[in-house]
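Residue numbers (full-length UniProt numbering), protein chains in the order written: chain A, 1 to 480; chain B, 1 to 480.
FYI, nobody ran anything at the bench for these hints, they're computed from the structure.
Keep in mind that the hints are not guaranteed to be accurate.
Heads up, the list lumps identical chains together, so a pair's fine if it works in one copy or across two of them.
Here are the simulated DSSO-like cross-link-like pairs (lysine-lysine), alpha carbons at most 30 Å apart as the crow flies [what the hints assert, rightly or not]:
{"id": "1", "residue 1": "Lys281", "residue 2": "Lys392"}
{"id": "2", "residue 1": "Lys190", "residue 2": "Lys99"}
{"id": "3", "residue 1": "Lys369", "residue 2": "Lys190"}
{"id": "4", "residue 1": "Lys99", "residue 2": "Lys369"}
{"id": "5", "residue 1": "Lys460", "residue 2": "Lys259"}
{"id": "6", "residue 1": "Lys460", "residue 2": "Lys309"}
{"id": "7", "residue 1": "Lys19", "residue 2": "Lys99"}
{"id": "8", "residue 1": "Lys309", "residue 2": "Lys99"}
{"id": "9", "residue 1": "Lys4", "residue 2": "Lys19"}
{"id": "10", "residue 1": "Lys4", "residue 2": "Lys392"}
{"id": "11", "residue 1": "Lys190", "residue 2": "Lys309"}
{"id": "12", "residue 1": "Lys19", "residue 2": "Lys190"}
There are 2 protein chains.
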Amino acid sequence: MTTKAIRGTFFDFTDDPWKHVGDEESSARFVSDGLLVIDDGIIVAFGDFDEVGPLYPDVSTTHIEHRIITPGFIDGHIHFPQTRVLGAFGLQLLPWLQKWVFPEEARYADREYARDGAVRFFDNILASGTTTVQAFTSTAPVCTEEFFEEATRRNMRVISGLTGIDQNAPDYFADTPESFYSNSTALIEKYHNVGRNLYAVTPRFAFGSSPEQMQKCEQLKAEHPDVWVNTHISENPHEIRGVLALHPECDDYLGVYEKYNLVGPKFSGGHAVWLSDDEFKRIHDSDASVTFCPHSNLFLGSGLFRLGKATDPDMRVRMSFGTDMGGGNRFGMLAVLDGAYKVGMINNTVLDGSIDPSRMNAAESERNKLSAFRAFYSITLGGAEGLYIDDKVGSFDIGKEADFVALDWKAGPPGSDWHAELIADGGDPVTVDDAANMLFGVMIVGDERAVAETWVMGEKAYQRADAVASTFARHFDPAL
Amino acid sequence: MTTKAIRGTFFDFTDDPWKHVGDEESSARFVSDGLLVIDDGIIVAFGDFDEVGPLYPDVSTTHIEHRIITPGFIDGHIHFPQTRVLGAFGLQLLPWLQKWVFPEEARYADREYARDGAVRFFDNILASGTTTVQAFTSTAPVCTEEFFEEATRRNMRVISGLTGIDQNAPDYFADTPESFYSNSTALIEKYHNVGRNLYAVTPRFAFGSSPEQMQKCEQLKAEHPDVWVNTHISENPHEIRGVLALHPECDDYLGVYEKYNLVGPKFSGGHAVWLSDDEFKRIHDSDASVTFCPHSNLFLGSGLFRLGKATDPDMRVRMSFGTDMGGGNRFGMLAVLDGAYKVGMINNTVLDGSIDPSRMNAAESERNKLSAFRAFYSITLGGAEGLYIDDKVGSFDIGKEADFVALDWKAGPPGSDWHAELIADGGDPVTVDDAANMLFGVMIVGDERAVAETWVMGEKAYQRADAVASTFARHFDPAL
Chain A
1 MTTKAIRGTF
11 FDFTDDPWKH
21 VGDEESSARF
31 VSDGLLVIDD
41 GIIVAFGDFD
51 EVGPLYPDVS
61 TTHIEHRIIT
71 PGFIDGHIHF
81 PQTRVLGAFG
91 LQLLPWLQKW
101 VFPEEARYAD
111 REYARDGAVR
121 FFDNILASGT
131 TTVQAFTSTA
141 PVCTEEFFEE
151 ATRRNMRVIS
161 GLTGIDQNAP
171 DYFADTPESF
181 YSNSTALIEK
191 YHNVGRNLYA
201 VTPRFAFGSS
211 PEQMQKCEQL
221 KAEHPDVWVN
231 THISENPHEI
241 RGVLALHPEC
251 DDYLGVYEKY
261 NLVGPKFSGG
271 HAVWLSDDEF
281 KRIHDSDASV
291 TFCPHSNLFL
301 GSGLFRLGKA
311 TDPDMRVRMS
321 FGTDMGGGNR
331 FGMLAVLDGA
341 YKVGMINNTV
351 LDGSIDPSRM
361 NAAESERNKL
371 SAFRAFYSIT
381 LGGAEGLYID
391 DKVGSFDIGK
401 EADFVALDWK
411 AGPPGSDWHA
421 ELIADGGDPV
431 TVDDAANMLF
441 GVMIVGDERA
451 VAETWVMGEK
461 AYQRADAVAS
471 TFARHFDPAL
Chain B
1 MTTKAIRGTF
11 FDFTDDPWKH
21 VGDEESSARF
31 VSDGLLVIDD
41 GIIVAFGDFD
51 EVGPLYPDVS
61 TTHIEHRIIT
71 PGFIDGHIHF
81 PQTRVLGAFG
91 LQLLPWLQKW
101 VFPEEARYAD
111 REYARDGAVR
121 FFDNILASGT
131 TTVQAFTSTA
141 PVCTEEFFEE
151 ATRRNMRVIS
161 GLTGIDQNAP
171 DYFADTPESF
181 YSNSTALIEK
191 YHNVGRNLYA
201 VTPRFAFGSS
211 PEQMQKCEQL
221 KAEHPDVWVN
231 THISENPHEI
241 RGVLALHPEC
251 DDYLGVYEKY
261 NLVGPKFSGG
271 HAVWLSDDEF
281 KRIHDSDASV
291 TFCPHSNLFL
301 GSGLFRLGKA
311 TDPDMRVRMS
321 FGTDMGGGNR
331 FGMLAVLDGA
341 YKVGMINNTV
351 LDGSIDPSRM
361 NAAESERNKL
371 SAFRAFYSIT
381 LGGAEGLYID
391 DKVGSFDIGK
401 EADFVALDWK
411 AGPPGSDWHA
421 ELIADGGDPV
431 TVDDAANMLF
441 GVMIVGDERA
451 VAETWVMGEK
461 AYQRADAVAS
471 TFARHFDPAL
């Protein structure tokens with residue numbers, strides 16, 4: 001057993017800040033000088049350095065100074081084989097898939113291409129502070145294999161699965177219900193719960209899976225009840241009409257997944273932009289989950305996720321946030337928080353009653369405001385709860401896996417350094433509010449340049465290059 | 001006379017790409033191996049290296065390789081004294097001004113603070129590729145003076161003016177009609193058309209100026225007909241109601257500025273989110289201009305600018321794009337293009353008829369799509385036309401001032417390097433479409449890290465630090 005410790009300033013969550021309106025700091029845990037003790041990648045002690053330190057007098061300790069250490073970020077919805085085609089121009093969901101996505105994803109049937117893509121994919125997410133993803137792959141087993149193989153080499157907690165589509169896709173890309181079933185079965189047996197890998201039965205979306213393929217999903221979940229289920233739901237109005245035309249017996253989009261007994265714990269529906277109140281209620285009642293992907297929803301013109309509705313205390317749904325890279329045009333969760341904040345605020349143009357007083361909803365409007373508490377909760381503990389992995393990751397609780405990020409709140413784009421000096425007189429955070437203000441700056445004024453180090457299972461997996469690590473300097477030199 | 005030349009790959013515009021639907025490249029000028037010849041900061045020759053080079057056999061030439069050189073970016077709407085408080089949490093326009101903005105702007109009455117702020121402000125915009133701004137200042141003449149003084153030291157083409165507000169502001173910040181008039185007069189005489197400085201009579205917004213202050217604006221413009229007029233218009237529904245309550249004799253927000261004879265050439269109305277069709281028409285008819293500030297409109301929850309409406313060929317309005325830093329949370333125009341693309345796409349969720357077929361408008365929907373051509377036109381030549389400075393800057397036409405940016409399309413956040421290799425086999429752009437695809441990647445997958453060099457009047461004013469200049473490297477090292 002190898003024991004080590006990290007000393008530094010820690011910030012994580014013990015509860016949902018949406019439950020603490022007006023008192024959000026009570027959901028957070030801020031330890032200005034703390035010690036995190038790790039045995040074989042697992043947290044065995046955590047607390048004030050003065051209290052925990054004496055219990056481990058000889059432990060090898062890394063002191064990470066002038067950083068805020070948070071749990072590693074969790075991306076609930078990302079497409080591994082779209083790594084290269086993120087940010088493709090000009091189309092909404094369905095034609096975008098045909099023109100840009102399927103041709104690129106098809107290349108991941110080639111093992112060498114898939115392996116190269118996997119190295120780049122994990123490089124990119126670690127450099128963005130992300131330590132856990134729930135990822136879509138493609139129809140080719142090779143793509144899913146290389147995803148899990150690279151995740152295994154990095155020892156990362158991931159959820160993924162062969163991504164089935166047997167209709168509304170080009171022939172060269174579509175699979176069949178039979179191939180999807182047999183390949184999924186083999187992949188579950190090879191990867192599920194092996195190391196830190198978790199398997200999700202993954203019908204791409206109801207528009208892409210025939211009733212026969214949906215039946216295979218139901219069968220797989222019945223045969224392997226421990227696996228996850230990951231898919232898309234109600235992303236785009238055209239898509240929704242297409243789904244209901246294909247499944248006329250269902251009243252709404254969620255009804256399709258319900259029909260095949262997929263909706264329940266460990267089910268994630270990505271996007272959920274156009275869910276009715278009744279669908280939100282049924283997701284709540286079944287303890288299923290949705291994923292909010294703001295950049296994608298904006299970039300593809302899908303619509304505005306109702307954050308304040310999803311967090312209604314009477315029917316709070318489990319929720320993770322996701323990049324949805326490549327429908328989303330950024331790799332990291334800090335960028336997602338910038339987009340999520342804006343979606344919440346734009347929702348409030350309506351909900352504050354300033355346009356149509358009859359639509360005023362002050363409580364929902366308040367819940368749309370993505371404070372730093374709500375934001376960082378959503379990409380750590382909240383995301384873990386959304387993905388049913390909060391027993392494993394998402395906070396610094398004893399027994400969890402030691403995935404974390406060291407954030408440098410002064411590093412970022414032009415303007416971020418002076419902005420950061422507004423807080424705590426330019427020094428380290430003294431209070432939980434200092435830390436929250438710095439983290440708000442990181443997500444709104446900053447970007448992934450704030451990610452100084454990313455650690456996985458107690459091992460450093462990414463370190464920002466030194467040169468980039470320096471805060472933004474004044475480049476103007478009249479002598480140039 | 002000092003003559004010099006820049007050799008490289010150039011991309012600028014000779015026309016409005018919105019006039020060339022389906023054939024946008026005909027609005028652009030792409031010179032894969034070009035020469036830009038500069039005399040005392042002014043462009044005296046431009047074209048293919050093979051044609052122009054022999055005419056200047058002995059000219060001192062800087063060869064900028066593996067970059068796309070565009071005209072310097074033009075920011076039509078930015079608040080100089082908000083440099084430090086960009087990205088402040090949680091409020092819409094009117095309470096945001098009271099809580100965050102007025103206290104910070106008041107500090108710019110202190111000359112030392114204003115001077116430090118000005119150095120930082122210009123450092124930040126140059127590092128973002130911006131060479132021209134139309135800027136708001138504060139009520140203190142010192143703030144405007146220090147802005148123009150620093151712009152003069154940098155020799156930059158700027159538009160600015162004392163920013164008056166005599167109501168709906170705290171006592172410590174408000175000015176009076178009389179002080180606004182006398183201070184504006186002195187500043188016009190001292191700075192307007194001195195060096196590259198241009199003066200704008202700047203009532204902050206109709207909600208903040210009494211009828212008496214508006215009359216002073218009218219008087220200033222009548223006494224100095226050559227000056228610009230810069231203000232805000234129709235940003236937020238609450239604000240609009242406030243304006244109409246203060247000016248009950250006006251039918252709409254634009255009507256207030258019309259009443260005081262301010263609307264015409266050289267008039268810029270920032271935001272213009274909630275303009276009626278009739279107001280757009282009157283702005284078109286009067287040859288006035290609006291500024292699109294997408295990040296601010298999202299960040300403050302103001303609303304969605306109707307890009308496709310503003311570009312209606314039957315009533316096309318002059319238009320610049322702006323950061324609106326600090327209501328916008330990013331300093332640079334490349335970030336603005338990312339936001340502008342998303343606003344256009346989200347507008348189309350309605351205009352494509354997918355929600356309500358009666359609202360379908362295919363032509364307006366098409367105009368909402370911000371291609372790389374439309375995007376880079378809007379922050380160069382289009383912005384210059386919007387600000388009535390297209391005789392001075394915005395393209396590489398002979399006689400214009402040599403402000404330009406060298407863009408490195410492979411540098412940016414995680415993911416941008418591999419994405420860039422999709423185009424031109426990873427090499428330099430060969431065709432105008434290659435260049436446009438690279439520029440789309442810069443604005444959507446990249447950010448201001450693509451700005452390798454910024455030149456002002458033929459002199460290098462910013463160079464990216466070498467370390468940052470390297471393209472994103474794979475940081476994952478199992479040995480770490």
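For each hint, the structure was consulted:
{"no.": "1", "hint": "Lys281 - Lys392", "in the structure": "within (27 Å within a copy, 59 Å between copies)"}
{"no.": "2", "hint": "Lys190 - Lys99", "in the structure": "neither (33 Å within a copy, 57 Å between copies)"}
{"no.": "3", "hint": "Lys369 - Lys190", "in the structure": "neither (43 Å within a copy, 45 Å between copies)"}
{"no.": "4", "hint": "Lys99 - Lys369", "in the structure": "between (36 Å within a copy, 17 Å between copies)"}
{"no.": "5", "hint": "Lys460 - Lys259", "in the structure": "neither (45 Å within a copy, 65 Å between copies)"}
{"no.": "6", "hint": "Lys460 - Lys309", "in the structure": "neither (38 Å within a copy, 51 Å between copies)"}
{"no.": "7", "hint": "Lys19 - Lys99", "in the structure": "between (43 Å within a copy, 26 Å between copies)"}
{"no.": "8", "hint": "Lys309 - Lys99", "in the structure": "between (34 Å within a copy, 28 Å between copies)"}
{"no.": "9", "hint": "Lys4 - Lys19", "in the structure": "neither (35 Å within a copy, 65 Å between copies)"}
{"no.": "10", "hint": "Lys4 - Lys392", "in the structure": "within (19 Å within a copy, 63 Å between copies)"}
{"no.": "11", "hint": "Lys190 - Lys309", "in the structure": "neither (39 Å within a copy, 55 Å between copies)"}
{"no.": "12", "hint": "Lys19 - Lys190", "in the structure": "neither (40 Å within a copy, 57 Å between copies)"}
Checked against the numbered hints above, the structure breaks hints 2, 3, 5, 6, 9, 11, 12 and satisfies the rest.
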